[in-house]
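Each chain is listed here by its residues.
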Amino acid sequence: MIEFLLNNEHVSIEHARADLTVLNYLREHRKMHGTKEGCASGDCGACTVVVAEPKPDNTLTYYSLNSCVTFLSAIHGKQLITVEHLGTTKNMHPVQQAMVDKHGSQCGFCTPGFIMSMFALYHQTETNRTLERHEINTALSGNLCRCTGYKPIINAAMEACGQIPNDQFTAQTSATVKRLQAIRAKSSGGTEKLLLPNTRQALQQAIQANPQAKLVAGSTDLALEHTQQLKPLDTLISLSHLPSLSRIEVTDDKLIIGSACSLSRVQGSLIEYFPSLNEIIERFASLPIRNQATLGGNIANASPIGDMPPVLLALNATVVVDNGKAYRAIAIDEFFTGYRQTKLAPDEWIDSIQIPLPTLSQMVKVYKVSKRFEDDISAVCAAFSICLDSKGCVLELSTGFGGVAATPVQCSHLKEALVGKLWANKQVLDETKSILENAFTPIDDVRASAQYRTTVVANLWHRFWLETNHATQAIETRVINHA
Amino acid sequence: MRKLLEQTGSTPTIKHESQEVGKSTQHESAQRQVCGSARYVDDMPEPANTKYAAIGISRATCGTISAINLEKVKASLGVIDVITAKDVPGHVDIAPVFDGDPVLADGEIKFSGQAVFAVLADSMINARRAALLGDIQLIETTPILDVDTALSHSSFVRPTHDMIAGNAGQALAAAENRISGQLSVGGQEHVYLEGQVSLAIPEEEDRMHIYTSSQHPSEVQKLVAEVLDVKLNRVVVDMRRMGGGFGGKETQAAQWACIAALLARRNNCAVKIRLPRQLDMIATGKRHPFENDYEVGFDDKGRIQCAKITVNGNCGHSADLSDAIVDRAMFHADNAYFLGESHIQGHRLKTNIVSHTAYRGFGGPQGMIMAEAIMDAIARKTGQDPLTTRLNNLYDNAERNTTPYGMKVENNILPDILEKLSQSSEYWQRREAITTFNQENPILKKGLALTPVKFGISFTAKHLNQAGALVHVYTDGSIQANHGGTEMGQGLHTKIAQITANEFGVSIDDVEVTSTRTDKVPNTSPTAASSGTDLNGKAVQNACIKIKQALAEFYASQCKAEPTEVVFTNNKVCLGEHSIPFVELVQQAYMNRVSLSANGFYKTPKIHYDRNTGKGRPFFYFAYGASVSEVTIDTLSGEYAVNRVDILHDVGASINPAIDKGQIEGGFIQGMGWLTSEDLRWNEKGHLTSNNLATYKIPAIGDTPEIFNVDLYDRPNAEDSIYHSKAVGEPPFMLAISVWCAIKDAISSLSDYQIDPQLDTPATPERVLQAVTTITQGTSND
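Quick note, the sequences are listed as chains A and B, same order. If you're matching positions, the first sequence starts at 1 in the UniProt record's numbering and goes up one per residue. If you're matching positions, the second sequence starts at 1 in the UniProt record's numbering and goes up one per residue.
Honestly, I wouldn't trust all of these hints.
Said to hold, decoys possible - Simulated crosslink set (DMTMM-like; lysine to aspartate or glutamate; CA at most 20 Å straight-line): (1) 90/A to 510/B; (2) 90/A to 509/B; (3) 222/B to 87/B; (4) 31/A to 122/B.
Derived by calculation from the structure, the hints in this document are not laboratory data.
Starting from the given sequences, assemble the full structure and let the hints guide the process.
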């Protein structure tokens, strides 16, 4: 059984196709047409809905999702909130009223999605204050509007969000939490075709019993097989209901992130230790995708242009995999074996990712270059981590690159050429730049030419050199300043 | 009495008092849009017997079809029917103007992605899955994929056209200074958020009712009738709203309506077709890519004496609207500048890609960018600031005021707009600050540019400049207005409601603007060419005046006075000392058998163009504007940011300032996308590779500049347009050329402004870095 609250209605689903998306459930099964399909690939945000989930303190956390790439497994035990439930034309929600007042809708097709993203932002505000433009950009990074140029939408978000929330939802918080906890208290969920194991053993058995079934966590990539390639996904096993896969722990020397943690959750922990990673995470797809997509999924997909693998390569992370009986640790630089191939065995899943905590002298920068800042796939992604000794000579260097080879890769030559050298020496830069210019043989594709990728990888190294020598250089290097 | 009917608004004898016009009234659907209750075609309740259609396309690019095997398609789960071109009872060709657009491929494949067959199934996904199973055999031929190849093969969809003033060749030979260049101008995918969709509902016998997302319901009606081989009066097309159009639903919505209608007729069931995004991007036309070049002669002050400009539009496999689109590129190759002796030539190249179509600006942007490229080139050559060069070359109101096509530029307000904008944006102060910044920063460079827009308003196909309306007053005083224009988000219905309310002196809450229906107003023009409010506003006003006339005569007879003194204001009708609530007069009029319904009509005056001579007055008037953009580029990666934009734009006397600003801001950002991140790519086989929203990037929220000042230039239109407003849909799109020029300005700083960098569009980070590399290596294109 999949159980959730659809707005205020308790819904139990016993039989449904495993690949039924939340969007198709709403539009086709429930004839709720407020939520729109613009692309069915998580790129436009017209289908944005909000999910509310109980927090340990018995309040609710609200976050946006792209319903077009979400399966029902993701909303089990949660409240699914759609635009129809926010308000009526006679009694609008503050975010709806602000959009009307600021002339934020033209053709109106993207509007419900914007309303839902703004509604999530409305509920994330904890004190009364004026929001920064940056916060609005982040909250609405997954919503495309082709008509307005966004200015009135930004104005509406400024107007409506940034105050302590006070709406029908806050008034019903405790009742909603109780209803959701009642669902969650039941021993297990899922259907015959959509399995929601909540222990290691149950997951192992599910895989054994359904060897053809795909594992699904965030589904933001897997769902495309269904929505874009029209492939049926008959049976799915969700990784989202095992508490252990959603853990984040810190030991003396490492950060351990469960594979099913959403990137939005990962962001909070990761930037505590590596503040400079905020930029790459904020440029990782869009907020609704990050709310859903998982760190484990981004690694298991082994895309040559995934944004997190280069970071994890530079941070010397370890991937811990599990088959229900034993764990095994694989260094990240050995994990990727070919184009979209990994060392993961058919009966294994990724348990967690372990990242060594930073040392005092470690400097980490990650650069992504794409045609658009928000929600675009890298032409090139480059991650650099360097440690200097007290004299400014290089002790350690590790790197990770995306978009330059069939898998995410390191450049070990760079380290060999650099260790022991004085980092501030411009000649060192010039020498090592040519190493990078010859390190890879990237391809030409729709995102960039091989030539551009090659040049930019070397130039990003130059940027890294400038930025990590900033005490002496004081050179501006970025067209967008990252808060 | 009769003369009153001929009044068209500028000085109506039966007065209205301006209450609703000029106000920033909210969009008529805003509340329903934010609540999710505004219905689009895919949201409408479906008739009980609705089935779903999908199309099967050719993956090959060009050749003759030798066999189509559809057995697997027919055997696929849930399939009800499969059709090809031979199953079309009427016309197969659904081309809008010139032949060449079969509803389903008719023996030949002209481009990769062409629809070959259509499937009907019991669900959308079953139809789409079945559509993948077709086996289309082709005797393949070598495709022509680019402008150069098409030129060398003399592959044209329409004949070349010339606009000639004087003898440019001779003048160029004698010119003091000469400069030449070329520019590759990218196309653009519309990315209307609502994809193409139609619902066809068969009615009695051979009648058909169509719901569609189309800018041109009358054409959909005609084409559906023609493919079904029935009379036009058997087909009704109903269009409430589009989730964006931008030109992409002017001609290219019809094919899907026709396919739905064909399947609906054969199977006697309602049929819905909705293209998934990727197929929508593959199977429908886009803004035309152009390959243009120029040669200009100019004096030592940088003033143009003569010019030859050639624009080469890549039209795709058929003419569609390309004749008029390339014409418009030619009409705007001068932008705001007097070219002296000039020769504008436009080629319409036929290639084996999707047939390109209307897109906001309709070729104008691809022509206008040439004028701005020329300004930058002259500025770098003469060492002037580009703004100085632009000011020197503007059309003036005296001698230098005739376009290459012989139209006088009257009431030219651009000199004043540029003066005001350069002051309000502090152009010259910022120029100094930027020079300093660039001297101090080795990696980042800033650029600044102010560019004007002069855009001609009217369809260049004269017959399209007409509109009809139908207005009803009901006995409770509420009013329904219907007209031939379509609502795609631009606020047309809102402005029409304002006009109607204003005419009757009532509140806008009493006015309902209904869906666009071919049975209410016949033979309408597409909602395109920025003309929606100009044409339909006048037609609705004309209908309102007729009803007011009847009411005025009735009231005057009651009061024993002259009807010419009647005023409609404040929900009342007043005549001298007499006054009556509007609703009461309406009820009395009804009881006295006075008609409370009227149709209205309008045709644009003054316009003509002779294609044989290349001379005329194709435009009723020009809309003007200017923008200043400031950008920062990163010379390491080619990335850039647009930091600040200031716009001053002319909408005449605004009917709705909020809606007009919305059009300006939205048009600007859309234009910026065209010139920066929106990168259409076809591979060497002619397959579109940027075929989804993961690979084709329109501006996102972070691309809106932090400082974005938009002001309306407050002066009524000198021509007698509706309330002396001006069209606003397309002109602001081209304000974004200032972003492209500012990026070039930043790159040019690397040569101390000696070199005008070659920067084809879209100016992606990759192209910017390429230009940076070229300029720093000391080689330049000129």
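Verification of the supplied hints:
Of the pairs offered as hints, the one joining residue 90/A and residue 510/B holds, with about 17 Å between alpha carbons and a cut-off of 20 Å not exceeded. Of the supplied pair hints, the one linking residue 90/A and residue 509/B holds, its CA atoms being roughly 14 Å apart against a limit of 20 Å. For the hint linking residue 222/B to residue 87/B, the alpha-carbon distance of about 19 Å falls within 20 Å, and the restraint holds. For the hint linking residue 31/A to residue 122/B, the alpha-carbon distance of about 17 Å falls within 20 Å, and the restraint holds.
The earlier numbered hints are all upheld by this structure, with none contradicted.
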